[in-house]
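Trainee: Residue-level listing of the chains:
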Amino acid sequence: MREVGIVGVGHSKFGKMSGGTFSDLLSMAAVQALDDAGVKTGMGHGIDQVFVATMGAGILNKQSGIASALVDYLNLRPAMAETIENGPASGASAIKLGYMAIASGMCDCVLVVGGEMMRVVSGWEGTDFVATMLHPEAEYNYGLTLPAFAGLFTKLCMEKYGITEKDLSIVAVKNHENAVHNPVAHIHVVPNLYCITEDEDAHIMNPYVAEPLRMYHCCPVSDGSAAVLLCAMDKADRFKKKPIKIAGVGSATDTHAVAEREVPTDLLAVRLAAQMAYKMAGLTAQDIDVAELHDAFQILEIVESEEVGFFKRGEGHIAARNGETKIGGIMPINTSGGLKAKGHPLGATGVSQVVEIVKQLRGEATGRQVEGAKAGLCVNFGGFGNNVVATILTKEEA
Amino acid sequence: MMEEKMYAYKCTACGELHHPKHYVCKKCGNREFNEVPLGGEVTLVTYTKVYNLPEGYMKPYMGFGIVKFTNGLVVTGQLEVENPEIGMKLISTVGIVKEGIGKDHFGFIFKTI
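If you're matching them up, the sequences are chains G and L in order. Residues in the first sequence are numbered consecutively from 3, following my numbering. Residues in the second sequence are numbered consecutively from 6, following my numbering.
Only chain G is shown next, with the shape it has when bound in the complex (with noise of 0.2 Å):
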């Protein structure tokens, strides 16, 4: 197999997105992604292949076929293009996708663009929308949507591990300090963590979502995009700047259905998805320096960061009391915001993330540089758990 890396990165602002199409709000990304990598447009750019990630394109915004629009947008033509939805997980799995076009010799350069516009609707429909992505009959029917799944988790993982409403809002306090720092993240605002945890008022400014969670344990519904462009290592001379390596990616699957799981505090998935890439990449969770994973709900940031091998079960809350899980801990997690700050349009999100490590292992992330990193993960989650991508990108030594 063929080596892959990263040559160019791009971002939109992530939010409300006022104005523009759905194609403009993916070339924003596409073309930031284009100019890091020193890559003209038009004639001569020499991609082979576009993904676009996206889940709710063809709902949400009734445009589906979404990549031979973005394709002909971008002049890219005759590239070849397809859109690649697999839930909350698709940006990662678009790239999983491209790393598998250039690693078989089929594509020498691709780029993976993943975006949502999802405040074109109303609360309601969004989350009735997201909930799609549950068991038809076992769960989408009764009404259970996936903060409610994180409620169900959450109440079973405190239950079990004495995980506190508090240890939810200090991870969702460190991951607002982070994003302060991130000029594309949604929200730019830290929240006090007496206010919504201990004063007489907390009830009223952090109110229940899905008990335990409140409003401050779960991510915002954002618009946004996010694009990366691939290359064979063996080719990446003609880019500005050098290649970030891919250098694992896993991803694994779990029951459709949550409730059928063997041990239902566990994300089995995200297990199987890590130690894939750890192995792919000769990596162990020990030589990782900063990793996003997919805080759509904190909990999750709680629990993937035990899944992947950072800290031991049940005491990944433990360690971000401790403060381990900040920039300058031992093990910096969602230095980007993650989803609860930077914010979570779906199909964005998993290349959002990797652009982050990307930006990391560059030594760009300015404000929220974790100094010397090298190596990164990202966890793209899928369902609540039943499709879960991992991404390892390694700086390679001159």
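If a hint is listed, it holds; no wrong ones were tucked in.
Chain G stretches covered by chain L per the calculated footprint, using a threshold of three residues with CB under 8 Å from any CB of chain L:
| id | segment |
| --- | --- |
| 1 | 136-145 |
| 2 | 199-211 |
| 3 | 254-265 |
Simulated pairs of lysine to any residue, SDA-like, Cα-Cα distance not exceeding 25 Å:
| id | chain 1 | residue 1 | chain 2 | residue 2 |
| --- | --- | --- | --- | --- |
| 4 | L | Lys26 | G | Gly89 |
| 5 | L | Lys73 | L | Gly34 |
| 6 | L | Lys108 | G | Thr134 |
Derived from the structure by calculation, the hints contain no laboratory data. Values in this document were obtained by computation on a predicted structure and should not be read as measured data. All C-beta atoms, glycine included, are put in the ideal place defined by N, C-alpha and C.
Starting from the structure of chain G, add chain L where the hints point.
Mentor: This is chain L only, laid out in the frame that chain G set:
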């Protein structure tokens, strides 16, 4: 008219119980199942109360629970219990869990014994 019953799906080869329905047995790979009524006493595994409901539910909040049947099957359903606690015994009933256009959806509703 839909019968107000819920079922487990028992593999005709190895007897493994499933819910929801699968096309292939998770234990032996067989593709044939018998429907076995699923109800009675359950143990509450975990629960939540949700305030942001999806489109179609005109209520301020709803309770949900994951429960374990005495036969070992674990399922999710709606929870109509005042002060739930993990480990408490409940009764599994069947009722309308979602009103549909021309077709209501029946499912598990867990209640106090």
